[in-house]
Amino acid sequence: MLTQNIISKRPNKRGYPPKQLLSSNKLLKTITTRLPSSPTASSHTMKPETTQTNPQIQRPYINHLHPVNPLTLLSNTIHGLLAPLFPPPCYGFSLLRRRNEEVYSLPWRPASSQLRRRRSSSSPSLRDPGSHEAARESIFHSYTLSMNAFAARLTDEEAGRVAQLDGVVSVFPSRPRRLHTTRAWDFVGFPVSAPRNLTESNVIVAILDSGELHQYQLCFADLQLICVSYEFDGYGIRRIDPTSESFDDKGYGPPPANWRGRCAFSGKLRCNNKVIGARWFRLDRKVPANDVLGPEDHKGHGTHVASTAAGIAVPGAGVFGMAVGTARGGVPSARIASYKICYADDICNDEDILAAFDAAIADGVDVINLSWERIPEIVHRYTRRGAYHAMRRRVLTVSSAGNQGPMHRTVVNYSPWMLTVGASSIDRQFGTDLVLGNGKRVTGVSVNTFESSGKFRPLVLGFEAANTGMSFLGQMCGPGSLNPEMVKGAIVLCKITGGAGVADSVVKEAGGEGLVVQMTMPVDRAEAFKIPSTTISKDDGVIVDDYIKNSGGKPVARIEKSHAFTPNGTFVASFSSRGPNPLYSEILKPDLVAPGMNILAAYPTYLPFTNDPTDPRRSRFQLMSGTSMATPHVTAAAAYVKSFHPKWSPATIRSALMTTAGAIVSPNSTRNKDLEYAYGAGLINPSRAVDPGLVYDADEGSYLRFLCTKHPNTTAVSILTGTRSFDCRPFARAEGYDGLNYPSFHYVVPESTRPSKAFFRRIVKNVGDGPAVYKASVESPKGVDIVVKPERLQFAQPGQKMVFVLEVSVAPVLGRPPYIVSGSLTWSDGVHSVRSPVAIHYT
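Going letter by letter, the sequence shown gives residues 1 to 843 in full-length UniProt numbering.
Fair warning: there could be bad hints in the mix.
[To be verified] Quick list of simulated restraints, FRET-style, between CB atoms: (1) 665 <-> 438: 35 to 43 Å; (2) 606 <-> 262: 48 to 56 Å; (3) 727 <-> 814: 34 to 42 Å; (4) 691 <-> 455: 52 to 60 Å; (5) 816 <-> 286: 49 to 57 Å; (6) 831 <-> 565: 31 to 39 Å.
[As the list claims (entries may be wrong)] List time: in silico EDC-like cross-link candidates among lysine to aspartate or glutamate, alpha-carbon distance up to 20 Å: (7) 765 <-> 691; (8) 782 <-> 769; (9) 495 <-> 427; (10) 538 <-> 509; (11) 782 <-> 735; (12) 561 <-> 451; (13) 710 <-> 735; (14) 757 <-> 791; (15) 757 <-> 779; (16) 286 <-> 346; (17) 440 <-> 615; (18) 538 <-> 699; (19) 647 <-> 699; (20) 801 <-> 735; (21) 765 <-> 735; (22) 789 <-> 735; (23) 561 <-> 433; (24) 775 <-> 807; (25) 789 <-> 779; (26) 801 <-> 791; (27) 455 <-> 433; (28) 710 <-> 727; (29) 765 <-> 674; (30) 495 <-> 451; (31) 775 <-> 791; (32) 710 <-> 700; (33) 801 <-> 700; (34) 549 <-> 464; (35) 775 <-> 829; (36) 647 <-> 779; (37) 554 <-> 700; (38) 495 <-> 546; (39) 801 <-> 751; (40) 710 <-> 699.
In case anyone wonders, no lab produced these hints; they're calculated from the structure.
The beta carbon of each residue, even a glycine, is placed where N, CA and C say it ideally should be.
Using the sequences plus the hints, can you model the full thing?
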């Protein structure tokens, strides 16, 4: 198993590369004298994070080096031997000269780690484990654009020794990541007629996902907005047809001057002035059999995400006669570039994620979309580090909250410099009726494209149709659990706690003609299946069970084609991950929600409808659900705001989106019982966000003060910033309870039986057209008193900043307190309404 390390390096005194090469002996002598004989030889240096203790097993490690020098000394230990093999940032190459005149060079490339070797005719082959060549081969990527680091295959022992070198900030193993997996724009009040700014053509949107498809109506309008798809979950463009009407570049000039990407298609595939770039990352060069080392899309996830963000209006879109209408993206004036990092095995490796982040930032993007999921981790994880470096370059990272709801504390991508998005419903749901033999109808949820023949079929319970000794697994319709003799021609009822999983495949393989999935979890996500299917709730399952018991031993049913209906109010999807923030408890996450249920968007026609190779159905569009689908709505909204305000910082754009979001109101309170832990500031409203009135801004210094206050030992800050020993002393302690100028407020009550109080300090900036007077209004929940000082803010001119303090006082609670209660603060000048949620969490 391989591991990757990112290592930070220090500059020389002048901060420039050396004027001459060091000899091999002198260099190695310098390094080896500093290198401890074992990982534990130095107690004051950090150790690499590892998951195994065998020192002989190699795996990818990422080594982070000191970030502020143009002299890069990227070194790797191979059986006790180090060799500097990586180039200084912004310089052509770095050389190591040996006594036999063998020279290795690493060209400076944004996304290339291939070493070129020049060897004299007298150079011997150096293939032994302790050789420079072995060291060279262990390093397979350098990060030189937005950070200084490299990825290498190291044993735990080697990683420990590297971690103790001067100039090394952090060393940690690479791990795989997985993806999170239109009417919606009208639903959030963003119609086709929304005003557009021609400067939209100067905005670059990066979608770090699975790729775009160039073959159908994933079209983009005549403005020159660049929608760059950085394919972090790995399914890039399957094929590009520049002559297709959907991707015709007629009327487009050359790519904008600030575009610095490139096209990596091979063969007959070419980019054009619409599709301006395509690249891929798989640094270990290992791909599943059903994928390729190239930007080709083998999943469809990225295509769906990209068209949600930037597809033009396509009349007649739909899925087999369902959801028929016009599909469109939020910022349709886009060009496309695809960066593929994940592949058909659903794996996205850490080293590839970081490499794509590095390239995306260097390419000059304005907004980055991250629609994939990861397990919550400590501060030096990749997406958070990549997003931090993006923030440094004034690039906003919009990320999915995850699909692990409705459990609390499951939100991911929770860093305060990221905009975290949950998934809401829209005003359309898909129901699929199960008609029982007694005439009763039970309406479930699915995307069932199969026409009903009207014929009733036997209805059997999975555990009763199970093979001998497999009744428990048969109840869930697990692999190999069903008896074909009992299932053939029947509809099978499977009882499952979570998602349907492979139940449709199991029933189909056993000869079944239909599937009913009874779930104990909430039922709101419409999924497509390989056979006629529907998903019902536990309560509806009782109705079906009663019918079976009273059917005289011959229960029958039929499943009808899905139909659309309007749900009762807006709610947060059950799968959308919830807060509170697992790391920074003072920061409320998710930040807001956007439509993420049953979203119609483009889909590759060369892929089967259910990603099952045996499924003959094909569709130019697909209905998908997930926070992956919600995120591009917010990314597009951020790009829309950016087109009107190109100089706004990432935090300012986030503030505009959050403070103009609509409050979630539903007559069904059980659907939204998690309050702000489910929906944050509320549902996005892009039209309002371009004129928010007041904004809460934050820069890198703000985040560093916040981090230094939360992590006084500075180790976490050093890892995140790529600094060997970050000095927090120049930063004054962050003021207020949360220490950050955030657009929302979150107070964790330390003890519910005693009174408590917290103060929040905020700075707001007037971004209106002229002088303004804002008055505060608050909504306080029972047992909580919210006070604002001052209650009136008078701005003499645009751009002026003013300070206020919000005080939250919580009374003691007798008995069991609620998990969360919510209030709000709203500043209004009669034209603008600047709303922030105030959430109180009882521990």
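The hints, checked one at a time:
A beta carbon spacing of about 38 Å between residue 665 and residue 438 agrees with the range 35 to 43 Å that was offered as a hint. Checked against the given bound of 48 to 56 Å, the beta carbons of residue 606 and residue 262, roughly 25 Å apart, lie outside it. The hinted range of 34 to 42 Å is not satisfied by residue 727 and residue 814, whose Cβ atoms lie roughly 48 Å apart. Our hint of 52 to 60 Å for residue 691 and residue 455 holds, since their Cβ atoms are close to 58 Å apart.
Between residue 816 and residue 286, the C-beta spacing of about 52 Å keeps the proposed range 49 to 57 Å intact. Roughly 38 Å separates the CB atoms of residue 831 and residue 565, a value that falls within the hinted 31 to 39 Å. As the CA atoms of residue 765 and residue 691 are separated by approximately 13 Å, the hinted pair is consistent with the 20 Å bound. Only pairs whose Cα atoms come within 20 Å are accepted, and residue 782 paired with residue 769 is rejected, the gap being roughly 38 Å.
Our distance criterion of 20 Å between C-alpha atoms is broken by residue 495 and residue 427, whose separation comes to about 29 Å. Under the criterion of a C-alpha separation no larger than 20 Å, the hint pairing residue 538 with residue 509 is inconsistent with the structure, at around 26 Å. Only pairs whose Cα atoms come within 20 Å are accepted, and residue 782 paired with residue 735 is rejected, the gap being roughly 27 Å. For a cut-off of 20 Å, the pair hint linking residue 561 to residue 451 stands: about 5 Å separates their Cα positions.
Among the hinted pairs, residue 710 with residue 735 is consistent with the structure: their alpha-carbon atoms are about 12 Å apart, no more than 20 Å. Between residue 757 and residue 791 the alpha-carbon distance is near 19 Å, which keeps this suggested pair within the 20 Å criterion. A hinted pair counts as satisfied when its Cα atoms are at most 20 Å apart, and residue 757 with residue 779 qualifies at roughly 17 Å. Between residue 286 and residue 346, the direct Cα distance comes to roughly 13 Å. Compliance with the 20 Å bound is thereby established for this hinted pair.
Distance restraint check for residue 440 and residue 615: the Cα-Cα separation of roughly 31 Å exceeds the 20 Å cut-off, and the hinted pair is therefore not satisfied. As the CA atoms of residue 538 and residue 699 are separated by approximately 49 Å, the hinted pair breaks the 20 Å bound. With a C-alpha separation of about 13 Å, the suggested pairing of residue 647 with residue 699 holds against the 20 Å cut-off. Under the criterion of a C-alpha separation no larger than 20 Å, the hint pairing residue 801 with residue 735 is consistent with the structure, at around 17 Å.
The straight-line distance between the Cα atoms of residue 765 and residue 735 is roughly 18 Å, inside the 20 Å bound, and the hint therefore holds. For the hint pairing residue 789 with residue 735, the CA-to-CA distance comes to about 15 Å; that is within 20 Å, so the pair holds. For the hint linking residue 561 to residue 433, the alpha-carbon distance of about 8 Å falls within 20 Å, and the restraint holds. Taken as a hint, the residue 775 and residue 807 pair is honoured in the structure, with Cα atoms around 16 Å apart against an allowance of 20 Å.
The straight-line distance between the Cα atoms of residue 789 and residue 779 is roughly 15 Å, inside the 20 Å bound, and the hint therefore holds. About 15 Å separates the Cα atoms of residue 801 and residue 791, which keeps this hinted pair within 20 Å; it holds. For the suggested pair residue 455 and residue 433, the alpha carbons sit about 14 Å apart, so the restraint of at most 20 Å is met. For the hint pairing residue 710 with residue 727, the CA-to-CA distance comes to about 14 Å; that is within 20 Å, so the pair holds.
With a C-alpha separation of about 31 Å, the suggested pairing of residue 765 with residue 674 is violated against the 20 Å cut-off. The suggested pairing of residue 495 with residue 451 is violated, with an alpha-carbon distance near 25 Å, which exceeds 20 Å. At most 20 Å may separate the alpha-carbon atoms for a hinted pair to count; residue 775 and residue 791 meet this at roughly 6 Å. Note on residue 710 and residue 700: the hinted pairing holds, with a Cα-Cα distance of about 15 Å set against a maximum of 20 Å.
For the hint linking residue 801 to residue 700, the alpha-carbon distance of about 18 Å falls within 20 Å, and the restraint holds. Only pairs whose Cα atoms come within 20 Å are accepted, and residue 549 paired with residue 464 is accepted, the gap being roughly 13 Å. For the suggested pair residue 775 and residue 829, the alpha carbons sit about 6 Å apart, so the restraint of at most 20 Å is met. Restraint check for residue 647 and residue 779: not satisfied, since their Cα atoms lie roughly 33 Å apart, outside the 20 Å limit.
Restraint check for residue 554 and residue 700: the C-alpha separation of about 69 Å exceeds 20 Å, so the hint is violated. For a cut-off of 20 Å, the pair hint linking residue 495 to residue 546 stands: about 15 Å separates their Cα positions. Distance hint between residue 801 and residue 751 is unfulfilled; the C-alpha atoms sit about 35 Å from each other, more than 20 Å. For the hint pairing residue 710 with residue 699, the CA-to-CA distance comes to about 17 Å; that is within 20 Å, so the pair holds.
Hint violations for this structure: numbers 2, 3, 8, 9, 10, 11, 17, 18, 29, 30, 36, 37, 39, all remaining hints satisfied.
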